[in-house]
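Listed below are the residues making up each chain.
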Amino acid sequence: MITKRLELKDIIRYISNELKQIYGSPDKLFVDNIADAANTNDNTLDWINPAKVNKQEIAESSKAKVMLVDSSVVFSKELQTLKKVLLVVDDPKSTIIKIINRFFVENPKAHIDKSAFIHPNAIIGENVYIGPNCYIGDCVIGDNNIIHSNVCIYDRTKIGNNNVIHSGAIICVDGLGCIRNVDGSLTEFPQLGGVIIGNNTYIGGNTHIASGSLSDTIIDNGCKINGMCFIGSNNHLCENVWITGSTMLAGSVTVGKNSTIFSKVVVRDWCQIGENVTIGMGSVVTKNVPSGETWVGNPAKKYEKQ
Amino acid sequence: MITKRLELKDIIRYISNELKQIYGSPDKLFVDNIADAANTNDNTLDWINPAKVNKQEIAESSKAKVMLVDSSVVFSKELQTLKKVLLVVDDPKSTIIKIINRFFVENPKAHIDKSAFIHPNAIIGENVYIGPNCYIGDCVIGDNNIIHSNVCIYDRTKIGNNNVIHSGAIICVDGLGCIRNVDGSLTEFPQLGGVIIGNNTYIGGNTHIASGSLSDTIIDNGCKINGMCFIGSNNHLCENVWITGSTMLAGSVTVGKNSTIFSKVVVRDWCQIGENVTIGMGSVVTKNVPSGETWVGNPAKKYEKQ
Amino acid sequence: MITKRLELKDIIRYISNELKQIYGSPDKLFVDNIADAANTNDNTLDWINPAKVNKQEIAESSKAKVMLVDSSVVFSKELQTLKKVLLVVDDPKSTIIKIINRFFVENPKAHIDKSAFIHPNAIIGENVYIGPNCYIGDCVIGDNNIIHSNVCIYDRTKIGNNNVIHSGAIICVDGLGCIRNVDGSLTEFPQLGGVIIGNNTYIGGNTHIASGSLSDTIIDNGCKINGMCFIGSNNHLCENVWITGSTMLAGSVTVGKNSTIFSKVVVRDWCQIGENVTIGMGSVVTKNVPSGETWVGNPAKKYEKQ
Numbered sequence: 003m004i005t006k007r008l009e010l011k012d013i014i015r016y017i018s019n020e021l022k023q024i025y026g027s028p029d030k031l032f033v034d035n036i037a038d039a040a041n042t043n044d045n046t047l048d049w050i051n052p053a054k055v056n057k058q059e060i061a062e063s064s065k066a067k068v069m070l071v072d073s074s075v076v077f078s079k080e081l082q083t084l085k086k087v088l089l090v091v092d093d094p095k096s097t098i099i100k101i102i103n104r105f106f107v108e109n110p111k112a113h114i115d116k117s118a119f120i121h122p123n124a125i126i127g128e129n130v131y132i133g134p135n136c137y138i139g140d141c142v143i144g145d146n147n148i149i150h151s152n153v154c155i156y157d158r159t160k161i162g163n164n165n166v167i168h169s170g171a172i173i174c175v176d177g178l179g180c181i182r183n184v185d186g187s188l189t190e191f192p193q194l195g196g197v198i199i200g201n202n203t204y205i206g207g208n209t210h211i212a213s214g215s216l217s218d219t220i221i222d223n224g225c226k227i228n229g230m231c232f233i234g235s236n237n238h239l240c241e242n243v244w245i246t247g248s249t250m251l252a253g254s255v256t257v258g259k260n261s262t263i264f265s266k267v268v269v270r271d272w273c274q275i276g277e278n279v280t281i282g283m284g285s286v287v288t289k290n291v292p293s294g295e296t297w298v299g300n301p302a303k304k305y306e307k308q
Numbered sequence: 003m004i005t006k007r008l009e010l011k012d013i014i015r016y017i018s019n020e021l022k023q024i025y026g027s028p029d030k031l032f033v034d035n036i037a038d039a040a041n042t043n044d045n046t047l048d049w050i051n052p053a054k055v056n057k058q059e060i061a062e063s064s065k066a067k068v069m070l071v072d073s074s075v076v077f078s079k080e081l082q083t084l085k086k087v088l089l090v091v092d093d094p095k096s097t098i099i100k101i102i103n104r105f106f107v108e109n110p111k112a113h114i115d116k117s118a119f120i121h122p123n124a125i126i127g128e129n130v131y132i133g134p135n136c137y138i139g140d141c142v143i144g145d146n147n148i149i150h151s152n153v154c155i156y157d158r159t160k161i162g163n164n165n166v167i168h169s170g171a172i173i174c175v176d177g178l179g180c181i182r183n184v185d186g187s188l189t190e191f192p193q194l195g196g197v198i199i200g201n202n203t204y205i206g207g208n209t210h211i212a213s214g215s216l217s218d219t220i221i222d223n224g225c226k227i228n229g230m231c232f233i234g235s236n237n238h239l240c241e242n243v244w245i246t247g248s249t250m251l252a253g254s255v256t257v258g259k260n261s262t263i264f265s266k267v268v269v270r271d272w273c274q275i276g277e278n279v280t281i282g283m284g285s286v287v288t289k290n291v292p293s294g295e296t297w298v299g300n301p302a303k304k305y306e307k308q
Numbered sequence: 003m004i005t006k007r008l009e010l011k012d013i014i015r016y017i018s019n020e021l022k023q024i025y026g027s028p029d030k031l032f033v034d035n036i037a038d039a040a041n042t043n044d045n046t047l048d049w050i051n052p053a054k055v056n057k058q059e060i061a062e063s064s065k066a067k068v069m070l071v072d073s074s075v076v077f078s079k080e081l082q083t084l085k086k087v088l089l090v091v092d093d094p095k096s097t098i099i100k101i102i103n104r105f106f107v108e109n110p111k112a113h114i115d116k117s118a119f120i121h122p123n124a125i126i127g128e129n130v131y132i133g134p135n136c137y138i139g140d141c142v143i144g145d146n147n148i149i150h151s152n153v154c155i156y157d158r159t160k161i162g163n164n165n166v167i168h169s170g171a172i173i174c175v176d177g178l179g180c181i182r183n184v185d186g187s188l189t190e191f192p193q194l195g196g197v198i199i200g201n202n203t204y205i206g207g208n209t210h211i212a213s214g215s216l217s218d219t220i221i222d223n224g225c226k227i228n229g230m231c232f233i234g235s236n237n238h239l240c241e242n243v244w245i246t247g248s249t250m251l252a253g254s255v256t257v258g259k260n261s262t263i264f265s266k267v268v269v270r271d272w273c274q275i276g277e278n279v280t281i282g283m284g285s286v287v288t289k290n291v292p293s294g295e296t297w298v299g300n301p302a303k304k305y306e307k308q
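Residue numbers (this note's numbering), protein chains in the order written: chain G, 3 to 308; chain D, 3 to 308; chain Z, 3 to 308.
Derived by calculation from the structure, the hints in this document are not laboratory data. Only a predicted model underlies this, so the values are computations on that prediction, with no experimental measurement involved. There could be a bad hint or two in this list.
Stated by the list, open to error - A partial selection of chain D residues facing chain Z, derived with a Cβ cut-off under 10 Å:
(1) Asp176
(2) Gly177
(3) Gly186
(4) Ser254
(5) Arg270
Quick reminder that beta carbons are idealized off the backbone N, C-alpha and C, glycines included.
From just these sequences and the hints, can you work out the full model?
Shown next, in the form of structure tokens:
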């Protein structure tokens, strides 16, 4: 776990726009970690998830001296006696993310490792990190991208800006579409399409994104695809699609914007999944899913709350 | 997407053996792309899939000037008025594949990248491409193979001719067979077997093929295995088995020739799958599957058309 | 398959502590392979699995001259006539493993390949093999580890001793936890946690182990995780957990010691799986599983023998 000694006053200055109130005395305090509930100690900068029901109780039992809370947490006698410090903000979760990103996270610096293979015709934007042992084919990569080690990007890929691609991901690998001949042998349909990835996406480790067959596979802005996924040929993932890991979308699947597909799902060729859809983990989706619905099961069906 | 300006007369010359009839005037025409239905334009070389029912309608609404069709498509008044050109062949799909392979697809040239690790005892045939950052152990690789970047092939692998292995595939990684001891600890059974791959196979990106335990894992000629698959120890895939992605065959599974296993399937240890079998996506196969049958579901059962 | 000529007397000397009895004449005999049932020949060192019911019959029909058996196999007239040699031990399976490991298996020698990227702050123990094209971040790696080619280990990983990590595995890749904002966009929760791996583990090829989010992902001693698995953020796998391949554990899952999770399983976020649990292949686990139980299905339920 990353730990780092920070003066509390520096944090307070950084979040001054969000900060509505300070209870207790922040003077000379410091924090050195942001742990989950199970590992909180004296020097943790703790935060109470606004989604919890028993926030007051959580705050009063935390071992941390300093807590980010929303205004529903009261600076009770108990908290006063324990000499706690409450930093009150509207949304502790987004504020803690801001603090972590500012003070704790260190992204790799722009750099192309000398062991990476870069195709002579590849066009690479500004402020890009390409880690060791990558393969970058004849493709276009925009600005501010982080491409971790051992990523393979085949020819015919276009990647926008501000993306993170994790180790072992392979992008624009030839899709496999076969014709079963009369004698049982298989003819592969040749693949000419590419992969187009927008901005602000996350492509997980060891994830496989197939090239389009004749046109392109498209991943729009803001999509987050966790590791071990298979994104098939000619898929079109619209904005802000979230896929949580080990999921497989067969060929020519479309997923509407803001939809969430949980883990270990498989979606049949040509299925159209609408906007704001949720697909439960382990589902086998064999039909189109209308916008706004939640589907689960094998085969997947609409889930109705009971 | 790959685009390329081609004179129509060159294409006509190349397919002269298949060509049964030309309607309209091909003079001075060119094409520059082969797009799917959604992206067709003036210069597309379009083709009407013989499997479609409304071929005439598709032809008459295509934006492309030039179309490959079978003889059931008529050179109607409408097509004449629009000054279309029809190239009539028996099987537009196989002819378009031939054209794409000849004029559009560029395979990597024979070359062993200097960043690839090649075991000193490895035997590598003629006309082989081995991409950057590969690991090639003490194994035998035949002729005309394309091994994309970042593939790992452990010792004890024998690969025939004309195979394509995509990035991130790992072949002959030690299988994991454990014995649970009385105290709960696990002893791994040591692995001595290899992997034998025939000719004309496709091994997808990030696919994992385990070594045999004592004898070998065998993948026969013409098998096509898409990405993210797990092929277990001592599997034997007979000729022309097609696996469409993210599927897992546990240890000692046999699959008869010409069978198709769709995506995200899991097959239990020791199951015997017959010839000409189809396993539907997402299935959990726990029993032997007789030849010629289609099985689906969790647990998988024989599927009877209703 | 590995073959190697060995004098039988050398094997007998090596297993002298286990050996209870020799039937037949071992003089001047040699063996050169340890094959499975289907490939046994004259020179195979065969062994009869104590778990089989028809051991006598197996022994009498084996083509091998020399067999490791337990004392329930009798040196029958038939075996005498065939001039077989029986080496009687208490547990032929553990003895054959011992013999294979001693005489047949060759592990890679300690060596760090020059094409591997090693972070300048990485601490690497004694007798470690790191294969070509690996990426080793700012982490701590103990003694006697074998890290095959093209493995990526991000910063914040601590690995104990005597582990084997197979090609394409990626360890401590940032987990992906998203918050869906009101406008549909996704904010990633930054990841500060690490991965802690104990001793004597097996991490399979192309397996993905996510970093913890705020605290660490933990894999205790003796865990064996086959290939193509996804181990999510903040998982805690206790001692001797066995996962057989292509399985996915979502975030914050705990698995008690000595549990076995078969292939292609998915386990929901936060599920607690007890000790000595078995989860059947293809299961979708959505609830906590008490110790000692077997669960199967989608959704998984307790399996009662009928």
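Structure-based check of all given hints:
1. Asp176: holds (7 Å)
2. Gly177: At 8 Å from the nearest chain Z Cβ, Gly177 of chain D passes the 10 Å test, so the hint holds.
3. Gly186: This interface hint holds because 4 Å falls under the 10 Å limit.
4. Ser254: Hint holds; Ser254 of chain D Cβ to chain Z Cβ min 9 Å, cut 10 Å.
5. Arg270: holds (6 Å)
In this structure, every one of the numbered hints holds.
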